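Number of protein chains: 2
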Amino acid sequence: MIAKTPEPPYWAVIFSAVQSGKDMAAYEGKAMRMVELAHQQPGFLGYETAQAEGSGEITICYWETEANIRAWKQNTEHLEAQRMGREVWYSSYHIRIVKVERAYGF
Amino acid sequence: MIAKTPEPPYWAVIFSAVQSGKDMAAYEGKAMRMVELAHQQPGFLGYETAQAEGSGEITICYWETEANIRAWKQNTEHLEAQRMGREVWYSSYHIRIVKVERAYGF
Chain L
266 MIAKTPEPPY
276 WAVIFSAVQS
286 GKDMAAYEGK
296 AMRMVELAHQ
306 QPGFLGYETA
316 QAEGSGEITI
326 CYWETEANIR
336 AWKQNTEHLE
346 AQRMGREVWY
356 SSYHIRIVKV
366 ERAYGF
Chain H
266 MIAKTPEPPY
276 WAVIFSAVQS
286 GKDMAAYEGK
296 AMRMVELAHQ
306 QPGFLGYETA
316 QAEGSGEITI
326 CYWETEANIR
336 AWKQNTEHLE
346 AQRMGREVWY
356 SSYHIRIVKV
366 ERAYGF
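Residue numbers (our numbering), protein chains in the order written: chain L, 266 to 371; chain H, 266 to 371.
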């Protein structure tokens, strides 16, 4: 569950959302497809996802560079998923583009 | 569930962990206390938390500055909670200190 990422600096997208509960079968299929597709993108380092109370979701994708994040955002299949996310699957979301400056663990 | 944060830049701590399952009653009480205590610290902006498969946890705390994060890490009661986390409550964790560069949502 904990993504194996390199030494900082690298980048991440924190996606915090509330799911609408609509059309969830299609949502789950698309979510799996987006994970598969992200793995094929340049600079993809890994991801972590978790469910919060009240249909909440936190998903974090890690990337080598900010340019990798911009390229992924413009991926055609991903653009379609983003549109469906806004129109159907999510009642709200917030996206934060962050630079990982330090990291440690055990 | 989505933290209301100001316009970037600001900072965050991404805490990704696998819970050990040990002593969970004490863990939950301490987790609630840490949220309460964090709210009293200078620069605290909010937090988001969610549960992943296999006893996973993602918790993100947002802060005005990196100095706020360093000060919180050294809080006496928090230091004790960190020690218990390493020794009892978590089988592994990874902490990433990040700077939020851009954000948007709907």
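Don't read these hints as lab results, they were simulated from the structure. The model shown is predicted, which means the values in this text are computed figures rather than measured ones. Among these hints, one or two may not hold up.
A pair holds if it fits inside one copy or across any two, identical chains being indistinguishable in the list.
[Unchecked claim] Pairs of lysine to aspartate or glutamate residues, derived as EDC-like cross-links and limited to a Cα-Cα distance of at most 16 Å, are as follows:
hint, residue 1, residue 2
1, 338, 322
2, 364, 331
3, 287, 322
4, 338, 301
5, 287, 342
6, 269, 329
Taking the hints in turn, this is what the structure says about them:
1. 338 x 322: neither (19 Å within a copy, 26 Å between copies)
2. 364 x 331: both (8 Å within a copy, 13 Å between copies)
3. 287 x 322: within (15 Å within a copy, 25 Å between copies)
4. 338 x 301: within (15 Å within a copy, 36 Å between copies)
5. 287 x 342: Neither: 20 Å inside a chain and 43 Å across chains, both beyond 16 Å.
6. 269 x 329: within (13 Å within a copy, 27 Å between copies)
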